[in-house]
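*Asks:* Here are the chains, one letter per residue:
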Amino acid sequence: MSSSLAPECNEVKERYDSCFLKWYSEKYLRGKGQKDECAALFNDYKHCLTVSFPTLTSRIISDDPKGALKERGIDKMLEEAREDHKDSDAVHMRRTCKFIAEQN
Amino acid sequence: MVKFYESSYTYDYSFPAVTLAYFLRYPNPYSTHVLSSDTISRSIDEATGQLHTTRIHRKSSRLPPAVLKLLPKSVLGNVSGGRSESYILETSTIDVKEGWMRTESKNLDWTGILSVVESQEFQRRVDSSEVGDGSGVGEGTTGVVTTVMFRSRLGDRLRARARKGDGEGEEEKKGFLASWSTNGIQRSIEAIASRKTENQLGKSKEGMTVVLERLRRGGLVGVLDGMRKDRESEGMWSKG
Chain X
1 MSSSLAPECN EVKERYDSCF LKWYSEKYLR GKGQKDECAA LFNDYKHCLT
51 VSFPTLTSRI ISDDPKGALK ERGIDKMLEE AREDHKDSDA VHMRRTCKFI
101 AEQN
Chain P
1 MVKFYESSYT YDYSFPAVTL AYFLRYPNPY STHVLSSDTI SRSIDEATGQ
51 LHTTRIHRKS SRLPPAVLKL LPKSVLGNVS GGRSESYILE TSTIDVKEGW
101 MRTESKNLDW TGILSVVESQ EFQRRVDSSE VGDGSGVGEG TTGVVTTVMF
151 RSRLGDRLRA RARKGDGEGE EEKKGFLASW STNGIQRSIE AIASRKTENQ
201 LGKSKEGMTV VLERLRRGGL VGVLDGMRKD RESEGMWSKG
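Residue numbers (full-length UniProt numbering), protein chains in the order written: chain X, 1 to 104; chain P, 1 to 240.
These are computed hints drawn from the structure, not numbers from a lab.
Simulated DEER-style distance windows between Cβ atoms:
id, chain 1, residue 1, chain 2, residue 2, range
1, P, 98, X, 37, 20 to 26 Å
2, P, 205, X, 40, 34 to 40 Å
3, X, 32, P, 219, 17 to 23 Å
4, X, 37, P, 218, 20 to 26 Å
5, P, 9, X, 30, 23 to 29 Å
6, X, 40, P, 222, 25 to 31 Å
7, X, 51, P, 125, 43 to 49 Å
8, P, 125, X, 30, 15 to 21 Å
9, P, 115, X, 35, 33 to 39 Å
10, P, 200, X, 26, 31 to 37 Å
11, X, 40, P, 139, 28 to 34 Å
12, P, 115, X, 40, 35 to 41 Å
Below, a list of computed lysine to any residue pairs in the SDA-like style, where the Cα atoms sit at most 25 Å apart:
id, chain 1, residue 1, chain 2, residue 2
13, P, 205, X, 29
14, P, 205, P, 103
15, X, 32, P, 221
16, P, 106, P, 202
17, X, 22, P, 45
18, P, 97, X, 33
19, P, 59, X, 18
20, X, 22, P, 230
21, P, 97, P, 145
22, P, 106, X, 3
23, X, 35, P, 52
24, X, 22, P, 124
25, X, 46, P, 106
26, P, 106, P, 22
27, X, 22, X, 35
28, X, 32, X, 14
29, X, 46, P, 104
30, X, 27, P, 219
31, P, 205, P, 190
32, X, 27, X, 38
33, X, 22, P, 217
34, P, 59, X, 52
35, X, 32, P, 42
36, P, 203, P, 56
37, P, 59, P, 4
38, P, 229, P, 201
39, X, 32, P, 96
40, X, 22, P, 216
We treat Cβ as the ideally placed atom computed from N, Cα and C, and that holds for glycine.
Kindly generate the complete structure, drawing on both the sequences and the hints.
*Replies:* Okay, structure coming up:
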């Protein structure tokens, strides 16, 4: 299984990932997964990530003393990215199959 | 300036297998630069049954030396020796009833130098009229169209700076020269990025295929075993 951004969350992540993959392959893909059965494990995992973010933020800053990440933490960055995605999702969902011509 | 790259491909595996492989694609032997993957949100739309997932991947990355040479020091704040870590935000929506998956990945840093957005549309294909070449799977194949868009905003930034700092007399001449050279840099960065993208798309296809083959042979357990073995051999062969 892939590792977590926060090594201290690897264990909860693995528990959640295993649950999800089992649910996904055995239920969702067979059209029987209307409900996410791994929500409780996901909350544990998410909680771990949230608690770990302050450490992560300082780790990134110390690796990157002059960088653009200095002023804002990664949690804010994610927040922004998520906001950004909401907009593009809305566009994406409205879009019909219109492909952009290849430019050479 | 915006540049597009588009390609189509057909995986010789069923749609469910391809979506599972998408979630399981890291780590694989072709993606040793991916350091971590986390799911940060996941939900099912009750009305449509669509599954929405947002993940964040951390990658070790290296700017190509050719790009480094082109960039002024002022924009290279967080790059030392061309090595850095970068974060990729990936969103995906799967509709298992209709048989499609749409994904989008984009970089969260260095966006001032280059923004890259990769979109993929996977589509279930069950084609009974076509008799396979012997390697086909009973449950059909999966088509994918990949679109990559890059945009270098560097030129805009440099131009804005040049405009601010210009004196009166030389303004026109300097402005013209500044915009000419930054346009050149921008074009070069985009050209290099697009060459790298072709290479990278090949690798991500290979990675998916490795995972799909493991799925076909050994199911989920086969994939997880393969990951463990990759990690062991990685320790043996690579030096970081």
